Amino acid sequence: MQNEPLLRVDGLRVEFPGRRGTLVAVDDVSFDIAPGEVLGVVGESGAGKSMTGSAIIGLLEPPGRIAGGSISLDGRRIDNLPYEEMRRIRGKHIGAIFQDPLTSLNPLYSVGRQLVETITTHSDISEKAARDRALALLQEVGIPAPERRIDQYPHQFSGGMRQRVVIALALCANPRLIVADEPTTALDVSIQAQIIALLKRLCREHGTAVMLVTHDMGVIAETADRVAVMYAGRIAEIGPVRDVIKNPRHPYTVGLMGSIPRMGHDAERLTQIDGSMPRLTEIPAGCAFNPRCPYVFDRCRVERPDRMAVAPFHEAACWKYADGVGHA
Amino acid sequence: MIAFVIRRLLQSLIVMLTVGFVAFSMFNFLGDPINNMVGQDATEAEREHLRHVLGLDQPFYIQFLVYLGNALQGQFGMSYRLGMPVVRALAERLPATLELVFCAAGLALLVGVPLGVYTGLHRDRWLSKVFLTLSLIGISLPTFLIGILLILVFAVYLGWLPSFGRGDVVDLGWWTTGFLTVSGIKALILPAITLALFQLTLVMRLVRAEMMEVLRTDYIKFARARGLTNRAVHFGHALRNTLVPVITITGLQIGSLIAFAIVTETVFQWPGMGLLFLQAVQFVDVPVMSSYLVLIAFFFVAINLVVDLLYYFVDPRLRADRAVASGHG
Ligand SMILES: Nc1ncnc2c1ncn2[C@@H]1O[C@H](COP(=O)(O)OP(=O)(O)OP(=O)(O)O)[C@@H](O)[C@H]1O
Ligand code: SF4
Ligand SMILES: [Mg+2]
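Line by line, the protein sequences are chains A and B. Numbering follows our numbering, with no gaps: position 198 of the first sequence is 205. Numbering follows our numbering, with no gaps: position 255 of the second sequence is 1539.
If you're looking for bench data, these hints aren't it; they were derived computationally from the structure. Watch out, some of these pointers could steer you wrong.
Per the computed footprint, the stretches of chain B lying under chain A, defined by three or more beta-carbons under 8 Å from a beta-carbon of chain A, are [as the list claims (entries may be wrong)]: (1) 1507–1515; (2) 1518–1528; (3) 1596–1602.
Remember, it's a predicted structure, so these values are computed and weren't measured experimentally. Glycine residues also receive a C-beta, built at the ideal position from the N, C-alpha and C atoms.
With the hints as constraints, model all of the structure from the sequences given.
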């Protein structure tokens, strides 16, 4: 599709070796993110969204490990780098934002100190210059009176303000990609939209690509260029956001779309998906969605569907689209 | 901040008054003070006279006030056994105990914290497992046994270090120190190790547990995600966050080090307050016993106060200006 992807994830597999055998949390996940592009990632709890993000920034918590596939940034493999080399990439080339701004900041250090230490870690500038940059960043993320705020401690900021600080921290070395894992879930509903708008604006201005993990299809619709729908550790459907929302192909996505009410559509479309996602230990043979799928047929219970093209740049992993239906 | 200090000072005062009352009551419960002073063969008139002179015929609360007044002026009475003011007896012994406790606490921290950090960071290395196993031994062996074993090996068998006493001390007028002579320092080694061992294992296990806890937190994950070096993450962010509990425990432990020095001082015949206290108990030397109690309580209270103040420097959340958190947005 795009000529030169910024991030390429190819056949990623994340495993948790355990006493009762190995759990596969992420299985054969592939996607690209182009420079400046926003890829939304949705899916039920436990679908493997966070694990995919952690694998990309190289911070899977042991015993979790990358058991297969590759991750490349600008054409260079980063999934098998030594810790120290990956550390230099983190923050500088790939930033990260986590779910809970209340716990993402070290309570014992002023926000200024945390900004300055991050800036000086990645570039060779003086404390003074780093502090000026920190002030500019705080201004940029919309913190009023940065000169006064910079020496305050995290507990002196509200949740929304803290998440702004976290965004400033993720952006402070001008990374080319940000992995944002549910950056607003922990926030008050009234400020979620502001934070998302801020993130979107800053990334557009800086040309930063984003992998945006969220449960909120509304956010995806508004922010993302493309969307990947994950189910039980795999990508069920991926494609341009408008296309996927207007015309979802995978039965799971259809169900997901059904569960957000949208204007201009009648109530019949508000279908709910029955049942819940299988646990990692109980993923059925064939298509993982088959116990819940209204369209299930014989092949689904035996053979696992690969992703197949259903429209330009739009793929779904569902047997309904075998035989090139999507190309019609 | 000021209000906090005043509140803590008031609490300390209440604690000290309570302890003072207990110490004062000891005079009335542990034998008849007159008997202790004049012996069995004094006449009833002589006893009455002495009772009057000493104010022992006054009501209880008056006696207590007099006791407090004297205590505030540093007068804790005469030792029955030594025939000298208790304050002087204690002051003579204080340096020995404090030097021992200081070294033991220093040793426990200097060795315990790094071991705790190491075993917390590298849980699966075999060296960590060795340290942990050793620490289990350190925690389960009683102090006197450790002391005796050390004496056996280093004093009796190898003959490297003395098995008792304080060595040569230098008198600085208000303080006698063993730090300035070779024999003084040699004499300090075994008792200090004996006294430190339990605390050391405690500090190590505490730091290890806290490190492991802190390393799981979101802000550590985020610090890593920001690309900070391992050193900054481990020592700048993680260790600093383990400090509050470590300071608490260490502070409390210094108090109990002073108190539990009794065992070590006995094993090594260390001429400190603990030994003095034990001898006082044998002779029912009430003024020494009760004053020792007051002094130990004073150390506990003072250390607690210092610990609370240290929190303020370590944890900004406790500093007064918590009301400034901004509105939404
Ligand atoms: N330490 C672990 N050991 C074993 N399995 C784990 C461990 N941590 C996570 N998992 C499994 O990995 C799977 C993927 O988890 P992940 O956190 O990526 O889900 P998610 O899509 O981010 O969900 P959520 O929306 O709840 O954040 C889950 O099914 C979870 O059970
Ligand atoms: S492959 Fe079959 S079971 Fe799976 S989603 Fe498609 S139709 Fe449903
Ligand atoms: Mg998650």
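Status of the hints after comparison with the structure:
Counting residues of the region 1507–1515 of chain B whose CB falls under 8 Å from any CB of chain A gives 8; the rule of at least 3 is met. With 4 residues having a Cβ less than 8 Å from any Cβ of chain A, the region 1518–1528 of chain B passes the three-residue criterion, so the hint holds. Restraint check on the region 1596–1602 of chain B versus chain A: 4 residues with Cβ-Cβ distances below 8 Å, three needed, restraint holds.
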